[in-house]
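Trainee: The residues making up each chain are set out below.
There are 2 protein chains.
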Amino acid sequence: MTELPRIEGTRPVREAGVAAAEIPADATVLVSGFGSVGYPKAVPMALADSDRDLSLTVVSGGSVGEEIDVALVEAGAIARRYPYQARSPARAAANDGRMAFSDRHISTLGDDVQFGGLVDADVAVVEAVAVGEDWLIPSASVGHTPAYVDTVDSLLVEVNHAQPRSLAGLHDIYRPDLPPDRDPVPLSAPDERIGGPKIRFDPDDLLAVVETDRRDESYEFRDPTDTDRDIAANLRSFVTDEVERSPLFADAVRLQFGVGSLGNALMGALADADFGDRDLVYFGEVIQDGLLDLLDSGDLASASATSLALSAEGQDRLFADAERYAEDVVLRPADVSNRPALIDRFGVVAVNSALEVDLYGHANSTHVDGSRVLNGIGGSADFTRNAALSILALPATAADGDRSRVVPMVPHADHTEHDVDAVVTEHGVADLRGTVPRERASLLVERCAHPDYRERLQTYLDGALEGGGHEPHDLDAAFDWR
Amino acid sequence: MTELPRIEGTRPVREAGVAAAEIPADATVLVSGFGSVGYPKAVPMALADSDRDLSLTVVSGGSVGEEIDVALVEAGAIARRYPYQARSPARAAANDGRMAFSDRHISTLGDDVQFGGLVDADVAVVEAVAVGEDWLIPSASVGHTPAYVDTVDSLLVEVNHAQPRSLAGLHDIYRPDLPPDRDPVPLSAPDERIGGPKIRFDPDDLLAVVETDRRDESYEFRDPTDTDRDIAANLRSFVTDEVERSPLFADAVRLQFGVGSLGNALMGALADADFGDRDLVYFGEVIQDGLLDLLDSGDLASASATSLALSAEGQDRLFADAERYAEDVVLRPADVSNRPALIDRFGVVAVNSALEVDLYGHANSTHVDGSRVLNGIGGSADFTRNAALSILALPATAADGDRSRVVPMVPHADHTEHDVDAVVTEHGVADLRGTVPRERASLLVERCAHPDYRERLQTYLDGALEGGGHEPHDLDAAFDWR
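Same order as they appear, the protein sequences are chains C and P.
Under the numbering used here, the first residue of the first sequence is numbered 1, with each subsequent residue one higher.
Under the numbering used here, the first residue of the second sequence is numbered 1, with each subsequent residue one higher.
Everything labelled a hint here was simulated from the structure, so no lab data went into it.
Misleading hints may appear alongside valid ones.
What the hints assert, rightly or not - So the derived label-pair ranges between C-beta atoms look like this: (1) P:Arg200 with C:Asp279: 29 to 37 Å; (2) C:Trp481 with P:Glu327: 47 to 55 Å; (3) P:Gly76 with C:Asp476: 27 to 35 Å; (4) C:Asp205 with P:Asp251: 22 to 30 Å; (5) C:Ala233 with P:Ser50: 29 to 37 Å.
Yeah, the Cβ is synthetic: ideal placement off N, Cα and C, and Gly gets one too.
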């Protein structure tokens with residue numbers, strides 16, 4: 001079989017340095033990339049290596065690799081950064097105030113960029129597996145590339161020969177209508193296809209095509225720990241019971257898992273769950289290695305996401321057999337994969353992690369001690385808010401047991417008590433549905449907190465109860481436990 | 001014109017006391033009512049007056065009147081209460097822990113009750129303007145009555161002769177499909193109709209019909225204060241500029257306002273806004289008196305909501321002319337009026353209030369000092385999260401100026417920094433879109449805080465900045481200002 005050409009027609013192919021020189025020093029640059037894959041590499045590296053005095057605003061779909069969030073950050077070239085970062089130089093720059101970082105929900109970012117007064121975009125730089133006269137085919141993630149390409153009048157396309165051309169088969173590009181009279185997204189099942197592989201653009205907008213041959217700097221997942229396995233067992237038991245109980249899950253179970261090693265381990269653990277005759281389906285934002293196992297074993301019927309957030313080994317496995325995986329795997333724009341309306345319509349069971357939860361069910365996913373940002377909220381709230389069943393799964397302690405993740409009051413709330421249905425740790429499950437705040441506190445102390453911290457949490461609660469109130473807090477002592 | 005009959009066919013009409021006796025002492029009772037109107041009156045009063053030892057769970061659509069949240073609460077008959085209350089006896093009982101109160105988002109409550117493991121419902125008691133063999137027509141609100149009637153096998157209907165039969169013309173009853181394969185709600189414009197006036201039920205479920213002739217204990221709106229007028233002027237100016245700027249509002253402006261005197265005053269003030277040729281349309285959860293003025297003046301093209309949350313005077317005005325108002329006013333089930341997907345599709349501009357906002361844009365709408373609940377979150381988060389433009393409008397101070405409503409850290413978060421686009425007070429507007437936390441803090445101090453509190457807030461901020469971090473907080477001092 002002859003591979004299809006990567007560059008069709010006569011396109012303006014340039015060296016990365018030449019193309020990068022087209023980007024103004026203070027430009028707002030929209031880049032492809034989500035889940036640490038599918039981001040542009042050559043143009044960012046050329047920018048980082050240039051001796052220009054850059055002050056860029058960089059807006060990605062989600063997390064990207066070292067070429068942007070390490071090299072460009074260390075070059076001091078990024079003044080502002082949206083909406084998510086997961087590399088330590090970018091994190092340090094955000095926390096030091098050297099880089100103005102704004103973390104944003106994923107689902108609405110495309111609209112925000114295009115209409116919302118968020119930024120005034122100058123140029124888009126996007127990675128593709130192929131480009132033609134008025135189209136490109138994205139690589140290992142779709143993210144917000146369709147919205148970004150729509151937004152700008154200047155486009156740079158990086159055709160990456162290290163990404164298989166066959167990834168095209170995974171993509172289902174559908175751009176939602178624009179408000180105020182947008183129609184519903186016509187997706188009636190998680191595995192349905194409503195578009196094709198190509199993102200269209202105005203040929204006049206194409207500044208240049210750059211060729212690269214460089215792999216994504218992808219995720220590394222650690223092996224599951226004993227704690228991961230215990231959390232997984234508690235999660236499996238809770239979800240299995242709920243699937244039996246609720247008519248919502250009579251025919252199928254649709255799951256989403258947050259990105260990261262714990263999420264990856266939890267996915268894998270569901271292979272052992274007994275969901276009877278029900279189809280197990282994934283409708284989330286990232287496909288991690290654990291899902292490939294489930295697909296290969298036949299336990300998972302299909303997977304829909306916006307990114308192949310795989311380890312290098314996982315990439316090898318999928319790339320070697322992309323056409324077969326494309327039968328059951330679909331990559332969508334992030335404003336489809338994370339769309340509140342679809343998460344609701346499909347009755348998704350959402351499983352995300354958090355840094356800590358408080359006695360009443362509020363969760364902090366982003367800011368250590370309330371001040372120091374970790375990565376960003378990403379899609380966690382898109383799913384936690386709109387799922388039929390929203391679960392937070394996390395270890396009961398951090399810092400080798402020196403710190404409880406069940407705390408009196410979170411110093412930063414990303415998910416409120418109104419959105420969290422259940423909390424799962426290695427010690428148990430707190431089913432918070434229908435409970436009132438005082439009941440939630442008891443459940444979280446007794447079932448989720450590490451035994452070493454229960455007395456101390458109860459002491460806080462007893463003190464707060466003396467002051468009364470529907471959701472009793474002692475504001476003088478709320479942060480004393482740190 | 002002869003009025004249509006209130007009770008069609010031979011229905012089992014009973015005295016309220018006889019009907020109330022059918023309700024078990026520890027029943028979970030789903031009641032109609034939203035925005036303090038359209039709730040059952042005779043059966044709750046009969047329960048409150050009985051000498052039975054009651055321990056009821058009461059789930060309403062939204063806020064209800066004194067017959068439930070005063071009389072039944074004071075009789076000690078309510079053990080658990082969902083999802084909202086706005087009367088001081090209910091509030092006191094929730095804060096004292098005498099009544100287990102759980103506040104919930106409005107949009108998802110119907111699903112939660114029907115499938116979510118929230119409660120195990122026994123009976124529904126709903127107010128109607130008419131009832132037939134297998135249908136009823138709701139009165140001044142729809143709320144979650146369609147879902148509640150679907151959920152139970154035992155139904156009591158109160159036909160209220162004090163509510164005009166002609167309210168039927170306002171109702172558009174459409175029950176969304178059920179997950180996991182629910183279709184989108186097929187509403188393509190805020191004023192469209194996709195149902196009819198009747199809620200259907202299984203005739204075997206009807207325990208009894210009770211007749212009443214008692215008006216709703218409706219809202220009282222205070223006259224706008226100078227502060228209200230200044231907030232309104234700032235809001236009008238901000239929204240007008242945004243309508244000019246954004247392509248989202250090229251054809252129409254769709255607005256939602258929160259319930260209450262401030263919301264009511266803000267609605268009225270938009271009559272003076274210049275939106276050019278654009279249609280002004282309301283898509284919210286409650287219709288308050290201010291909207292009737294706009295409808296009568298021709299400034300408002302149409303209004304969609306789930307409740308006529310009017311003053312007694314506003315009721316008189318609408319009731320006298322219900323057929324004419326029905327041309328432009330539509331009442332929908334709360335899971336349609338508040339549906340995230342529709343708020344998104346219609347590009348709504350949402351204007352809600354809050355008790356306080358913090359330096360980074362998190363808002364507390366529900367808990368005074370973090371502990372004492374006021375009313376509940378209601379629909380505020382449904383709109384704030386899903387609107388095209390989310391505005392919080394509030395006075396800069398409370399307690400006659402003795403307390404700043406812009407605070408270092410909210411002691412309870414209902415809306416996170418990720419969801420609030422702008423904050424408006426009588427002093428100005430902080431447009432938070434695209435900003436990072438440190439920028440938000442400066443904007444809120446300089447433009448929204450009362451001048452008397454700016455120095456103190458800046459002092460907190462300067463201290464927090466010494467500790468560093470993306471969103472700098474000093475946890476030792478975060479609540480010192482109280």
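Trainee: Check the structure against each numbered hint from earlier and tell me which ones fail, lowest number first.
Mentor: 2 and 5
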